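S.K.: As they're listed, the protein sequences go chains A and B.
Going by the numbering used here, the first residue of the first sequence is number 1, and it counts up by one from there.
Going by the numbering used here, the first residue of the second sequence is number 1, and it counts up by one from there.
Fair warning: there could be bad hints in the mix.
If chains are identical, the list can't say which one is meant, so a pair holds when it fits in one copy or spans any two.
To be verified - Restricting the straight-line Cα-Cα distance to at most 25 Å, the calculated cross-link-like pairs of lysine to aspartate or glutamate (DMTMM-like) are:
{"#": "1", "residue 1": "K34", "residue 2": "D85"}
{"#": "2", "residue 1": "K275", "residue 2": "D260"}
{"#": "3", "residue 1": "K97", "residue 2": "E87"}
{"#": "4", "residue 1": "K323", "residue 2": "D25"}
{"#": "5", "residue 1": "K323", "residue 2": "E50"}
{"#": "6", "residue 1": "K210", "residue 2": "D41"}
{"#": "7", "residue 1": "K323", "residue 2": "D196"}
{"#": "8", "residue 1": "K97", "residue 2": "D25"}
{"#": "9", "residue 1": "K166", "residue 2": "D196"}
{"#": "10", "residue 1": "K323", "residue 2": "E44"}
{"#": "11", "residue 1": "K184", "residue 2": "D24"}
{"#": "12", "residue 1": "K168", "residue 2": "D143"}
{"#": "13", "residue 1": "K323", "residue 2": "D124"}
{"#": "14", "residue 1": "K275", "residue 2": "D240"}
{"#": "15", "residue 1": "K184", "residue 2": "D25"}
{"#": "16", "residue 1": "K323", "residue 2": "D23"}
It should be emphasised that the hints constitute simulated quantities derived from the structure, not laboratory data.
The structure presented is a predicted model; accordingly, all values stated were derived computationally and were not measured.
There are 2 protein chains.
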Amino acid sequence: MSQATTDVLTIGNAIVDVLSQTDDDFLVREGLVKGSMRLIDQPEAERLYEHMGPTQMISGGCAGNTAAGVASFGGRAAFIGKVADDEPGHFYRHDMKALDIAFPTSDLTTGISTGRSMILITPDTERTMNTFLGACLELTPGDIDAATVEGAAITYLEGYLWDPPKAKQAFVEASRIAHGAGRKVAITLSDSFCVDRFRGEFLDLMRTGKVDIVFANNHEVLSLYETSDFRAAVEALADDVPLAAVTMGAEGSMVVAGADRTMVPAPPVDTIVDKTGAGDLFASGFLFGLARGAPHADCAALGSLAAGEILQHIGARPQHSLKAVAEQQGLRV
Amino acid sequence: MSQATTDVLTIGNAIVDVLSQTDDDFLVREGLVKGSMRLIDQPEAERLYEHMGPTQMISGGCAGNTAAGVASFGGRAAFIGKVADDEPGHFYRHDMKALDIAFPTSDLTTGISTGRSMILITPDTERTMNTFLGACLELTPGDIDAATVEGAAITYLEGYLWDPPKAKQAFVEASRIAHGAGRKVAITLSDSFCVDRFRGEFLDLMRTGKVDIVFANNHEVLSLYETSDFRAAVEALADDVPLAAVTMGAEGSMVVAGADRTMVPAPPVDTIVDKTGAGDLFASGFLFGLARGAPHADCAALGSLAAGEILQHIGARPQHSLKAVAEQQGLRV
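Can you build the whole structure from these sequences, using the hints too?
M.R.: Following this line, the structure appears as structure tokens:
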């Protein structure tokens with residue numbers, strides 16, 4: 001196995017976030033489930049945008065956020081995802097370049113526009129996502145750049161890739177190439193509704209060894225095993241995958257590796273403003289640490305630190321150097 | 001004089017802000033003067049964007065920010081400014097509509113794109129603006145909707161309107177209509193470089209009674225009268241205009257009305273994140289108070305409260321209801 005040239009490659013839906021602060025009444029009027037992600041088509045995206053309050057636009061997408069986090073730690077990051085040759089697409093590509101994230105996926109030029117997620121932030125800081133996938137629907141196995149996958153210590157894929165039909169083939173192809181090069185493959189379960197849509201397929205990926213590392217929050221683990229018994233769910237997870245990191249909100253996270261269970265507390269966060277991307281950023285810190293050979297507990301601490309940074313402002317991309325924040329807190333990798 | 005149907009109409013350059021956090025080295029490499037606003041053309045805008053870090057896009061423009069502040073206080077606001085029929089233009093118009101701000105200006109359809117300002121935020125929270133005026137250059141007297149001006153208790157214009165050549169005619173036309181309807185006209189001097197470009201014309205506007213109220217910070221007042229003696233500058237200002245509000249950073253503001261000088265302290269701000277728009281939001285609070293007949297000291301306190309809100313996050317548009325913040329602090333209008 002040759003030396004990795006990339007710490008973490010992330011593959012996911014390339015999405016521009018359109019964020020707006022709103023109130024609970026708006027969610028009720030629109031019939032939205034707080035904290036969830038729903039998929040919408042272009043007319044519904046346009047209708048909803050019409051009714052939303054003032055917005056700000058920031059590059060997003062779970063896997064893109066995770067790549068941004070890895071880069072902010074000083075890691076070598078890469079991203080594969082599909083944008084169109086339009087203004088939001090240029091905006092997305094600009095941000096990847098500005099962060100020095102390799103982005104070897106060509107633009108879609110069929111006229112379908114770049115994906116976007118209308119994210120409604122309620123006063124309780126929860127986010128409710130309404131995602132129009134657009135160009136993301138056209139990610140295919142042909143977009144999986146083999147050299148990038150082979151050079152990445154870890155390839156990380158988002159569960160949301162199961163939504164666009166051709167992307168799941170891309171996912172499996174990426175896993176095959178990564179394992180062929182002796183690398184690790186990680187997946188995030190994305191959200192508990194996503195788990196509900198694809199439970200069988202996610203379990204199959206784990207049980208057939210296509211993924212080595214699973215990221216999930218406590219709700220997603222319960223959903224995966226259709227149980228309300230967290231301890232039992234964790235035992236099942238330990239049987240199904242060699243390494244898992246389970247986030248538990250303010251309580252921190254649990255690293256599950258064989259018979260080991262390591263609870264790592266999260267440092268308290270002064271003022272939570274927006275929960276968008278907290279899971280994505282946890283993954284960035286954990287994966288960066290893992291790619292650099294840090295012990296699991298340090299990986300989880302780096303994850304909590306990254307999540308803590310983005311909880312304190314609007315948007316899922318770090319506003320401060322995570323490398324600097326880690327050094328301030330005495331966490332060196 | 002009929003009852004006003006609008007509290008505050010603002011007229012200015014309709015600009016989408018493209019914000020990015022950077023370091024001092026970047027400003028030095030680019031030869032930029034920290035804290036200033038410079039005008040750039042489209043090729044330079046594209047070149048600079050190429051070199052900037054990750055960005056977020058938020059509707060901006062001084063007068064637009066002020067209108068957003070007035071609306072956030074619960075005031076009836078209107079805005080006149082020129083955007084193109086393109087994505088940033090739609091984004092800008094969406095935000096005005098979402099804030100219930102009347103926006104009676106038609107889109108420009110000549111192919112010139114919507115104006116944008118690349119705003120570089122340094123770790124000391126200063127902002128350095130690089131503005132491509134685009135469609136703003138095409139604001140003409142024909143865009144001044146007479147009914148809107150006649151119905152507004154105060155029409156507020158930004159000094160930056162002096163940069164696009166046709167806009168200054170629009171400015172003078174708006175002042176004529178407002179005074180014809182017995183309304184008040186306000187101007188902000190925008191920045192000390194702007195004052196330097198148009199000192200004679202600004203003084204002429206004041207001395208010929210085309211404006212009744214002047215907003216400026218301490219640097220701009222010194223620049224206006226080409227002196228380093230603040231007291232002397234304030235005396236000259238009092239001679240030239242019936243009412244002025246001079247902001248002085250953390251010290252608060254001074255209301256200058258004839259022989260009266262009222263110093264109004266600003267409440268301390270915990271964590272300043274980004275100074276973009278602080279002056280614009282001060283004006284929003286002051287103007288809202290004035291339109292509702294509040295005493296000058298209360299107007300200045302509302303201004304400081306609004307500025308304090310936006311200093312605490314990235315971007316120049318309020319993220320919390322200023323009406324609610326004012327009520328919390330016992331400031332009722």
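S.K.: None of the hints should be skipped; say for each whether it holds.
M.R.: Outcome of the hint check:
In this homomeric assembly, K34 and D85 never come within 25 Å of each other (Cα to Cα): the closest approach is 32 Å inside a single copy and 34 Å across copies. Within a single copy, K275 and D260 get their C-alpha atoms no closer than 29 Å, and across copies no closer than 49 Å, so neither meets the 25 Å cut-off. Taking the shortest alpha-carbon separations for K97 and E87, both the intra-copy value of 15 Å and the inter-copy value of 22 Å come in at or below 25 Å. When the C-alpha separation of K323 and D25 is checked against a cutoff of 25 Å, the pair qualifies only between copies, where the shortest distance is 19 Å, while the shortest distance within a copy is 40 Å.
When the C-alpha separation of K323 and E50 is checked against a cutoff of 25 Å, the pair qualifies only between copies, where the shortest distance is 24 Å, while the shortest distance within a copy is 39 Å. Proximity of K210 to D41 under the C-alpha cut-off of 25 Å is found in neither arrangement, the shortest distances being 31 Å within a copy and 51 Å between copies. Proximity of K323 and D196 under a CA criterion of 25 Å is satisfied in neither setting, with 36 Å inside one chain copy and 42 Å between copies. Taking identical chains as interchangeable, the C-alpha atoms of K97 and D25 lie at most 25 Å apart only when they sit on different chains, with a minimum of 19 Å there against 39 Å within one chain.
Taking the shortest Cα distances, K166 and D196 sit within 25 Å of each other inside one copy (19 Å), while across copies they are farther apart (59 Å). In this homomeric assembly, K323 and E44 never come within 25 Å of each other (Cα to Cα): the closest approach is 40 Å inside a single copy and 32 Å across copies. Taking CA atoms no more than 25 Å apart as the test, K184 paired with D24 passes in neither setting, with 41 Å inside one copy and 39 Å between copies. Within a single copy, K168 and D143 get their C-alpha atoms as close as 12 Å, which meets the 25 Å cut-off; across copies the closest is 52 Å, which misses it.
Taking the shortest alpha-carbon separations for K323 and D124, only the inter-copy value of 19 Å comes in at or below 25 Å, while the best intra-copy value is 29 Å. For the identical chains of this complex, K275 and D240 are neighbours neither inside a copy (29 Å) nor across copies (51 Å), given an alpha-carbon limit of 25 Å. For the homomeric pair K184 and D25, neither the shortest alpha-carbon distance inside one copy (44 Å) nor that between copies (38 Å) is at most 25 Å. Taking identical chains as interchangeable, the C-alpha atoms of K323 and D23 lie at most 25 Å apart only when they sit on different chains, with a minimum of 15 Å there against 35 Å within one chain.
Going through the hint list in order, the structure does not satisfy hints 1, 2, 6, 7, 10, 11, 14, 15.
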